[in-house]
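Student: Protein chains in written order, with this note's numbering: chain A, 169 to 278; chain B, 19 to 130.
Misleading hints may appear alongside valid ones.
[To be verified] With a cut-off of at most 25 Å between alpha-carbon atoms, the simulated SDA-like pairs for lysine to any residue come out as follows:
#1 B:K60 - A:S276
#2 B:K129 - A:G208
#3 B:K125 - A:G210
#4 B:K60 - A:E198
#5 B:K125 - A:H268
#6 A:K177 - B:K129
#7 B:K60 - A:G221
#8 B:K60 - A:G264
#9 B:K60 - A:M187
#10 B:K19 - A:V228
[Stated by the list, open to error] Pairwise CB distance ranges (calculated):
#11 B:I127 - A:A170: 26 to 32 Å
#12 A:D194 - B:E33: 34 to 40 Å
#13 B:A96 - A:R274: 42 to 48 Å
#14 B:I127 - A:R265: 28 to 34 Å
#15 B:P58 - A:L237: 46 to 52 Å
#16 A:A170 - B:Y49: 27 to 33 Å
#17 A:S235 - B:E33: 44 to 50 Å
#18 A:Q185 - B:E35: 44 to 50 Å
#19 B:G59 - A:D230: 38 to 44 Å
#20 A:K182 - B:S87: 32 to 38 Å
#21 A:L190 - B:A47: 18 to 24 Å
#22 B:P130 - A:T183: 41 to 47 Å
#23 A:M209 - B:A96: 26 to 32 Å
#24 A:K182 - B:K60: 24 to 30 Å
[Said to hold, decoys possible] One side only, chain A facing chain B, incomplete, derived with CB under 7 Å:
#25 F178
#26 G210
#27 L211
#28 V256
Worth flagging that the hints you see were computed from the coordinates, not collected in a lab.
The beta-carbon is built from N, C-alpha and C at its ideal position, and this holds for glycine as well.
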Amino acid sequence: NAGVTQTPKFRVLKTGQSMTLLCAQDMNHEYMYWYRQDPGMGLRLIHYSVGEGTTAKGEVPDGYNVSRLKKQNFLLGLESAAPSQTSVYFCASSAGRTQHFGDGTRLSIL
Amino acid sequence: KQEVTQIPAALSVPEGENLVLNCSFTDSAIYNLQWFRQDPGKGLTSLLLIQSSQREQTSGRLNASLDKSSGRSTLYIAASQPGDSATYLCAADMDSNYQLIWGAGTKLIIKP
Numbered sequence: 169n170a171g172v173t174q175t176p177k178f179r180v181l182k183t184g185q186s187m188t189l190l191c192a193q194d195m196n197h198e199y200m201y202w203y204r205q206d207p208g209m210g211l212r213l214i215h216y217s218v219g220e221g222t223t224a225k226g227e228v229p230d231g232y233n234v235s236r237l238k239k240q241n242f243l244l245g246l247e248s249a250a251p252s253q254t255s256v257y258f259c260a261s262s263a264g265r266t267q268h269f270g271d272g273t274r275l276s277i278l
Numbered sequence: 019k020q021e022v023t024q025i026p027a028a029l030s031v032p033e034g035e036n037l038v039l040n041c042s043f044t045d046s047a048i049y050n051l052q053w054f055r056q057d058p059g060k061g062l063t064s065l066l067l068i069q070s071s072q073r074e075q076t077s078g079r080l081n082a083s084l085d086k087s088s089g090r091s092t093l094y095i096a097a098s099q100p101g102d103s104a105t106y107l108c109a110a111d112m113d114s115n116y117q118l119i120w121g122a123g124t125k126l127i128i129k130p
């Protein structure tokens, strides 16, 4: 049972570099979410999607872009990485009220 | 704007004790309140979901209660075990595209 898979698990970037985080789910869920988790804070929603081809901004969308070209995949892009984007990023999916999470991507921006 | 708070940030207790974790929220107009568990280096796992019309939910040794009028939820863990060591997070569902508002979590350590 794969569930929600995030790649990569770890990444170190230099300021100004770009990268894409991939989230894949095999549960046929309509809803998908990208969060960031910082020490001492709750998860904060970056972007979310309510179905294939749709995306919407969450609480902290600036500096990030997303795409949902296929129902099972939700991509999070950093166009020009900044040290403030150092965080652990979680993807989640849901068909109803219960969200299912991946194991996270630990991203460091130097 | 909904704010969710969890106090304390960390808790250490001996094995076998019963314990209570607290979650408070500022806006009582929640759709449901959810509790999750997070193990180090892992994602979050859903534990319990309490609908706004419910007072409590139980799963094994876990019992979650909800008091909307006071803006509080508690997670009761009976007969704690070392395997219960993890960070426990609560989240308020405000019924807006299933978005959740999260507390920062309580890191629980159960000492053998």
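Student: So which of those numbered hints doesn't the model satisfy?
Tutor: 6, 7, 13, 15, 19, 20, 21, 25 and 28
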